[in-house]
Amino acid sequence: MAEEVLLFGVWGSPFSRRVEMALKLKGIQYKYFEEELTNKSPTLLKYNPIHKKIPVLVHNGKPIAESQVILEYIDETWKDCPIFPKDPYERANARFWAKFIDEKCLPGIFNACWGEEKQHQNAVKEACEHLKHLENEIGEKKYFGGEAIGFVDIVANIIGYWLGLFEEASGTKLLTREEFPKLSNWADVFVSSCGIKENLPLARDKLIAYFRSRFGTGSTDASK
Amino acid sequence: MASQEVKLLGFWVSPFSIRVEWALKLKGVDYEYIEEDIFNKSSRLLELNPVHKKVPVLVHDGKVMAESFILLEYIDETWKQDPLLLPQDPYERSKARFWARVAEEKLLEYSFTAMCTHGEKKEQALKSAVEAAEKIEEEMKRNNKKFLGGESIGYLDLAMGWIAYWLPVWEEVGSMQIVDPSQFPATTAWSKRFLDHPVIKQNLPPRDKMLVYFHERRKILGGLV
Chain A
1 MAEEVLLFGV WGSPFSRRVE MALKLKGIQY KYFEEELTNK SPTLLKYNPI HKKIPVLVHN
61 GKPIAESQVI LEYIDETWKD CPIFPKDPYE RANARFWAKF IDEKCLPGIF NACWGEEKQH
121 QNAVKEACEH LKHLENEIGE KKYFGGEAIG FVDIVANIIG YWLGLFEEAS GTKLLTREEF
181 PKLSNWADVF VSSCGIKENL PLARDKLIAY FRSRFGTGST DASK
Chain B
1 MASQEVKLLG FWVSPFSIRV EWALKLKGVD YEYIEEDIFN KSSRLLELNP VHKKVPVLVH
61 DGKVMAESFI LLEYIDETWK QDPLLLPQDP YERSKARFWA RVAEEKLLEY SFTAMCTHGE
121 KKEQALKSAV EAAEKIEEEM KRNNKKFLGG ESIGYLDLAM GWIAYWLPVW EEVGSMQIVD
181 PSQFPATTAW SKRFLDHPVI KQNLPPRDKM LVYFHERRKI LGGLV
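Those sequence lines, one after another, are chains A and B. Counting in full-length UniProt numbering, the first sequence tops out at residue 224, every number present. Counting in full-length UniProt numbering, the second sequence tops out at residue 225, every number present.
Any given hint could turn out to be false.
[Said to hold, decoys possible] Think about it this way: if two alpha-carbon atoms lie no more than 30 Å apart in a straight line, the pair counts; the simulated DSS-like pairs of lysine-lysine are:
#1 Lys7/B - Lys132/A
#2 Lys40/A - Lys135/B
#3 Lys80/B - Lys121/B
#4 Lys182/A - Lys197/A
#5 Lys118/A - Lys122/B
#6 Lys40/A - Lys127/B
#7 Lys52/A - Lys141/B
#8 Lys53/A - Lys121/B
#9 Lys106/B - Lys46/A
#10 Lys46/A - Lys135/B
#11 Lys46/A - Lys7/B
#12 Lys192/B - Lys25/B
#13 Lys135/B - Lys62/A
#14 Lys79/A - Lys80/B
[To be verified] Some chain B residues close to chain A (C-beta under 8 Å, calculated; not the full set):
#15 Val51
#16 Ala66
#17 Glu77
#18 Arg101
#19 Val102
#20 Phe147
#21 Tyr213
None of these hints come from the bench; they were simulated from the model. This structure is a prediction, so every number in the text was calculated from the model and none was measured. Built from N, CA and C at the ideal position, the CB exists for glycine as well.
Start from the sequences, fold in the hints, and give me the full structure.
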């Protein structure tokens, strides 16, 4: 049976880019559909009626939503170039850090960049505490996944690339090389890695302008 | 064979630590349970889960893990005896993971908020909770087996199990109704079957103590939420 893989995404979204990274790393052919967030297609709404969000992967007519759920599906379905470790404990660890990045790091970063001005200092402190955990976790490893890119690296694309854009758009610097040498190094390696660098939205100015228009110019006076 | 030392740090009324206990008990895995006072966290808990400082924490042969859904998957991958918690098919697995998140991130969050708040905040949370419950009800209706995991309890049943027992307590404490049995027949029927299962039935916190506990939480959090 001919395999049909469709991906509904948005060019600037780290969440849909994660799915593309995994598909490309595994050499899976897919058809990409660019969605407009302010004018979602009926097809997207049909495939993700619960959340009405991208990314959505449709494999042979079966829709899967939520980027981390999609990544697990991709790894379980196409076994070449695995992005998950085999050992159950290492898998639990990978899932733990991925969850941490989306549920703690990301909201913390947003709060530091675009939260209330009077909470700014605390928000920055908290965001840096989260980054410190990642700094400790990457340690001396090349990637979170070890020698090769893994699930956590893909989910951490937000830290590796988008964080720099958020910092520039908002004027709040979080990931400094002095405070986070290992994580900064990982970010450099990540964005220049094969399979990743070809799949990053490179129109930085366009993205920065978009984030500014969507979230504001930042919660510090230094953003000018 | 090397001895398998399994420890679980939990809290008596936490639906998150109890769902892990259900999984261990269903699989017949022996473990040592350690009760944590989450309002007076032990140095042991802070050492084992420095990132979140929360229960549950599972320690298996010295390996430390946290986050209840992640622990359910670890348990299923490590102890491969029946019941298999996650389906074999990748698409079915993705659906289970998807719906577990919907129940946790939408129904649980909004229900708990509705319980603790008043006025407009409560109304909004209640409305969102009911919307989430309606989506779950449709999913329950689509499933024509005894449990969401099939003939035996699975990952999604364990993930949603709090709906059967904690939610009615929250409804009572918050003087509200989210899952009206007449409007949610499939969810109500599934809840009854879930609670009737001998392992689940024997591993529930006492309802009267739960009411006292959540009344207290509502009072304390009501000022903050």
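Structure-based check of all given hints:
| no. | hint | result |
| --- | --- | --- |
| 1 | Lys7/B - Lys132/A | holds (28 Å) |
| 2 | Lys40/A - Lys135/B | holds (20 Å) |
| 3 | Lys80/B - Lys121/B | violated (45 Å) |
| 4 | Lys182/A - Lys197/A | holds (19 Å) |
| 5 | Lys118/A - Lys122/B | holds (27 Å) |
| 6 | Lys40/A - Lys127/B | holds (24 Å) |
| 7 | Lys52/A - Lys141/B | holds (21 Å) |
| 8 | Lys53/A - Lys121/B | holds (25 Å) |
| 9 | Lys106/B - Lys46/A | holds (20 Å) |
| 10 | Lys46/A - Lys135/B | holds (14 Å) |
| 11 | Lys46/A - Lys7/B | violated (44 Å) |
| 12 | Lys192/B - Lys25/B | holds (19 Å) |
| 13 | Lys135/B - Lys62/A | holds (19 Å) |
| 14 | Lys79/A - Lys80/B | holds (21 Å) |
| 15 | Val51 | holds (5 Å) |
| 16 | Ala66 | holds (6 Å) |
| 17 | Glu77 | holds (4 Å) |
| 18 | Arg101 | holds (6 Å) |
| 19 | Val102 | holds (6 Å) |
| 20 | Phe147 | violated (21 Å) |
| 21 | Tyr213 | violated (25 Å) |
Consistency with the previously given hints fails for numbers 3, 11, 20, 21, ordered from lowest to highest.
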